[in-house]
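Trainee: Each chain, written out:
Protein chains: 6
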Amino acid sequence: MKLLLINGNTTQAITDKMADAARLAAGPDTHITAVTATFGARVVSSRSENAVAAHAVVTLAAQHHHGCDAVLIGVSLDTALGALRELLPMPVIGMTEAAALVACTLGGRFGVITLGKRTLPMYEELLASYGLEKRVAAVEGVDIETRDYGDSRRIADGVVALASTLVQERGAEAIVLAGAAMAGQHRELQARIQVPLLDGITCGVMLAELVVKLGLKKPQLGSYSHPGAKEVVGVDPDLVKLYRRAEG
Amino acid sequence: MKLLLINGNTTQAITDKMADAARLAAGPDTHITAVTATFGARVVSSRSENAVAAHAVVTLAAQHHHGCDAVLIGVSLDTALGALRELLPMPVIGMTEAAALVACTLGGRFGVITLGKRTLPMYEELLASYGLEKRVAAVEGVDIETRDYGDSRRIADGVVALASTLVQERGAEAIVLAGAAMAGQHRELQARIQVPLLDGITCGVMLAELVVKLGLKKPQLGSYSHPGAKEVVGVDPDLVKLYRRAEG
Amino acid sequence: MKLLLINGNTTQAITDKMADAARLAAGPDTHITAVTATFGARVVSSRSENAVAAHAVVTLAAQHHHGCDAVLIGVSLDTALGALRELLPMPVIGMTEAAALVACTLGGRFGVITLGKRTLPMYEELLASYGLEKRVAAVEGVDIETRDYGDSRRIADGVVALASTLVQERGAEAIVLAGAAMAGQHRELQARIQVPLLDGITCGVMLAELVVKLGLKKPQLGSYSHPGAKEVVGVDPDLVKLYRRAEG
Amino acid sequence: MKLLLINGNTTQAITDKMADAARLAAGPDTHITAVTATFGARVVSSRSENAVAAHAVVTLAAQHHHGCDAVLIGVSLDTALGALRELLPMPVIGMTEAAALVACTLGGRFGVITLGKRTLPMYEELLASYGLEKRVAAVEGVDIETRDYGDSRRIADGVVALASTLVQERGAEAIVLAGAAMAGQHRELQARIQVPLLDGITCGVMLAELVVKLGLKKPQLGSYSHPGAKEVVGVDPDLVKLYRRAEG
Amino acid sequence: MKLLLINGNTTQAITDKMADAARLAAGPDTHITAVTATFGARVVSSRSENAVAAHAVVTLAAQHHHGCDAVLIGVSLDTALGALRELLPMPVIGMTEAAALVACTLGGRFGVITLGKRTLPMYEELLASYGLEKRVAAVEGVDIETRDYGDSRRIADGVVALASTLVQERGAEAIVLAGAAMAGQHRELQARIQVPLLDGITCGVMLAELVVKLGLKKPQLGSYSHPGAKEVVGVDPDLVKLYRRAEG
Amino acid sequence: MKLLLINGNTTQAITDKMADAARLAAGPDTHITAVTATFGARVVSSRSENAVAAHAVVTLAAQHHHGCDAVLIGVSLDTALGALRELLPMPVIGMTEAAALVACTLGGRFGVITLGKRTLPMYEELLASYGLEKRVAAVEGVDIETRDYGDSRRIADGVVALASTLVQERGAEAIVLAGAAMAGQHRELQARIQVPLLDGITCGVMLAELVVKLGLKKPQLGSYSHPGAKEVVGVDPDLVKLYRRAEG
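Chains as they are written, first to last, in this note's numbering: chain F, 345 to 592; chain D, 345 to 592; chain C, 345 to 592; chain G, 345 to 592; chain A, 345 to 592; chain P, 345 to 592.
Bear in mind the hints are in silico, worked out from the structure with no lab data behind them. Warning: the hint list may mix true and false statements.
For chains that are exact copies, the list does not tell them apart, and a pair is met inside one copy or across any two.
[To be verified] Here are the simulated lysine-lysine pairs, BS3-like style, with alpha carbons at most 27 Å apart:
hint : residue 1 : residue 2
1    : K461      : K557
2    : K478      : K461
3    : K557      : K346
4    : K461      : K561
5    : K478      : K346
6    : K574      : K585
7    : K574      : K557
8    : K585      : K478
9    : K346      : K461
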């Protein structure tokens, strides 16, 4: 199968890191194509940056989805997830949603660890929007600025410390890593953490493979069916085309 | 005061209708400036159209907020509301949020009526994201396509019938009209409905005036404070500038 | 417009403090009439005192509502709010509800600060009864007895310390002051607090002005419509009269 | 033991009906004293009547609690329940709360049937305030005016029909009768209903006996401990005395 | 009346301790028969042990319920509660549910204290399954291994310390003791705790007496009615017989 | 990988049907071993039958898990799911949980269809216990007795009719089939239903493959870690051994 990985951040290095993690996770027959947002924030980490990124993600999807079997959204806020599910004919998976759903297969509540403190409410809102708030033990953030996202050791130590707190004081029985910049880092961190550690890209690739294999029908009714022929203006021609397509 | 009304739909007629309703609602010292999205759907009525509209709304805000005292978002899905609240130095109000909060001042649960059936889950999710789901009696939609939004009589009859059901069978003690295309229409419909009828634009203008008068401080911490100097690329120069501005 | 401010406490000094705050908040055309409970606790700060105050508030409303355009309840537990909304023909606003709803226009969760620890569960229950529990970050109380309510400096320092905790540890993005004895005190405290600070009387006056301006219809059905002609005995004659009035 | 039954309605006939039901439910050593509100509505069935009744109930409790082992509130809205629990040294039980808690011992969700449609939201709010909303299948009301509360057959047929609907369509596995005017009526109705039928007065008397037998300690801290010496004015001298009493 | 007390643990000493507590709580006409699980864990304190205990409890009930008026489940996880309610013709009470429901008659939220930390999520889930999560202030566990359950002083000191924390920091207005091994221990501990302390066996016996006295009908429909004639194989002959019995 | 499929019903034909569906779903390298409960109900469809089945499932797991990479529970009530997750060293998946989690990857709320009406509350409770109640549109049951579970056409027509209601009236955007007896039947039914149809066994096999591939760590702390060396008596020797094993 062919999986389109869309990075909603405009930083190629993050795309590369996610693509590497994706390829490690993918089955032998899965081909990963990774694309990077052409406009918006270098690292999406605020509400407004996320709003702009949604358009960037929708645009990339319109341009690159042809021939793909599934799409994986590579921003830890799962930017534009509902939008793509509605618009595209193939399954779409969000990286943080994927890790959260896999965490659910383990039982109990999971903790979430992200980078920085500012976005904590945004992750709480995201997981609540998935109807999963009762499964969330707590969301914590490593105290770090976006400019230090490359400091892997500092991130690693921060994650390990927060995980310990989440497990021992908040009742977390698994930990979800939420942060595109940490993609794949669970491999080195798991040994230092007492409960299962879930990575969004890794879970997302496998969940995408699963849903493709299931061969589910595109909904023909409801808010996730294709919106039908709609007139949109001033956007990428590929996106215009996607709206012109007949429903179904 | 000067109020910027941002229409996230690319239809000028909707802007005009909302601006008319806004001017009827506004105090004598309130000046309304209404702007229309330059890209995106004619009438936002699906998840993907809403995602694109968020960027359009953010862009219009960046271009036109200078000199304004408050911003009112004129899309009934309150598109990009959190984004603008974070990014702009002045208060931002969403039209549906405004009607919902004013409905809360009446006590009990309110019903919500929109146009079309497809978006019902989106309004339920929106109100849940505001933490108001316990105040919502039910969300119903007039069975109509976007191309018939100009048929005022059909809309009026539909709203009256749904309102009656919501009041008598679902325990609604007020009704919120959710739909930019119905802006100001409560004036003619109220007489046919047994409980208070709330219009988003009307409530939004007055709530914007209230918040401006309160003179509240911009948060200096948290997810609604300015994100600080951030590098964003490929977007409108006014938006780039907004991110470059020092925090506070 | 004419606004009736009802103090459910039997302390004139609190009425005066609230009336001062109300007049500072009111528009040029708003006339405030403030009345004080004639029976009950000096400072309502327990469940039983609140139960008695409800009757006092209803009685004052029956005696003084004629000719008023709206009523503002000046007890931070919003005593008898639903009762007045049902019984009176004009809008009724509760001071804590008002501050909470205005806080909602800012986005995110708000913290609540009151005086004393004993009433914390009562405020949690009050906000839950408004369906707003998901918007409440936490409720905290300045550790102070009712006899020290005049010690403004101690209250101020207590509020500032609690606000800092609520913002940094509990994710509050705004703070609601709940306490009639603190009416208007946000003016001096805001500078020391990093997020917007909301005062019940100030928000209540403005929200009352807004709802009056909206000119909403009195519900003709439901639990907030007038209960119709009812026989009540042993209560204030003005209250008896209010129940005798034909519905609508 | 001696049980004080407080009717918050000012109708002696309802007191008598409840006292009869209470005596049928009581153990051989339980002595019931029933008192009737001296002011307020004939039949409490609206928010404002309930607010006034709270004061009447608190006053009756202050006057008559001496020498009693427990208090049962005889209004189906459990008027002033929290107030009495805080203020009195002995246990206090609400009739509808009692039936709801006993229904919980049966497993599953219970339906609630009251008289009239107007108060439905008030019962929903009451049960939600007890934290029991997940146990409530639905609340329904027999379509009847207070003046027809004496028409037992019409009430009986209405209850049976609603119970059937609640069981078959809403998943109710027990039925709570909420209405002082139906006290004891479960005895004749149970045979016509397929699931257990709970009467507030019957359950309330037995639960009061249980809690007295348990001999629980009065809380010394928290919002249900005695509020301590407080100055209250203009109220019944017995109530003033109750506030003057030293804590504990 | 005759009450069957079923210990789901395979430790006779726990049965004896619970039976002692039950006899102290029971009325003069209540006869307690206590039986002990014949297979499963010595002390049920994990998910899998609880799963096995459910079968043991159902089997004991099938063997011993004849001639009993009610059944009390003596495992603090209320093992097989719903199963017995469905299958048996008489009322069934769970010890922790009983204490929780009696705690509800006191108003406010209650804290729960158990033995050990491992089972905390299981008690949170149990109380949530009763729809009581909003009444739970927090669940805490005395830090002790099952082999030290006989160390009464250590348990006592642990409970007193946790109760103090629950009352002062988590807003608990009552405390529920959850642990068969602590049955009856509230008698000695109450004096050291500032709010009412509830013991499952004590509350359970009295609640069983109450429900028997009420004489409620067995449901004839729904998930708690008898499942009807069913073929079950490989289980205790008394259990097979219980399924063969005609419905109702 | 080797997957152990445990049928908690004592009917071999159901095992065979589930095994067939499992083999159709499995990848080329997945080997399915299916075992059948040796005691308990022919078809688990009540609370007490489910309680007994839990022991049967735990026993089968103890006997057959050696050499397996994952376990799939083949009862649509996911009997003993938490118990096995705690006790076994390998991943355990429940069939209904699997379908529900895969439904979550599609966005929006899903409807659930089972066989019979009696178990509806049990499925609602099951999904609520997973913290997924906000994702459930409604649970409906085909009106059929267990003796008619072989009537595929009647089941098929019932499912199609209920699915249509769930989609059009309850807002379901996907449908979960809950019923071991319908395993694999989605293949023939999907064409008649407008939204994706999820089968528990199919989703469960694939989710088990996914989790095995992830290679997650067994928790070393918390309520899903191995309970440690425990003395259990009177149960299958393989189960005794499983408890004797050192932790981890």
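Trainee: Please go over all the hints and tell whether each is borne out by the structure.
Mentor: Hints, one by one, checked against the model:
1. For the homomeric pair K461 and K557, neither the shortest alpha-carbon distance inside one copy (38 Å) nor that between copies (32 Å) is at most 27 Å.
2. In this assembly of identical chains, the alpha carbons of K478 and K461 lie at most 27 Å apart whether taken from the same copy (21 Å) or from different copies (20 Å).
3. In the homo-oligomer, the alpha carbons of K557 and K346 lie at most 27 Å apart both inside one protomer (12 Å) and across protomers (19 Å), since each shortest distance falls under that limit.
4. In this homomeric assembly, K461 and K561 come within 27 Å of each other (Cα to Cα) only across copies, at 21 Å, whereas the closest approach inside a single copy is 40 Å.
5. In this homomeric assembly, K478 and K346 never come within 27 Å of each other (Cα to Cα): the closest approach is 34 Å inside a single copy and 33 Å across copies.
6. Proximity of K574 to K585 under the C-alpha cut-off of 27 Å is restricted to the intra-copy arrangement: shortest distance 10 Å within a copy versus 33 Å between copies.
7. Taking the closest pair of Cα atoms, K574 and K557 never come within 27 Å of each other, the shortest separation being 31 Å inside a single copy and 39 Å across copies.
8. For the identical chains of this complex, K585 and K478 are neighbours neither inside a copy (40 Å) nor across copies (35 Å), given an alpha-carbon limit of 27 Å.
9. Taking the shortest alpha-carbon separations for K346 and K461, neither the intra-copy value of 36 Å nor the inter-copy value of 34 Å comes in at or below 27 Å.
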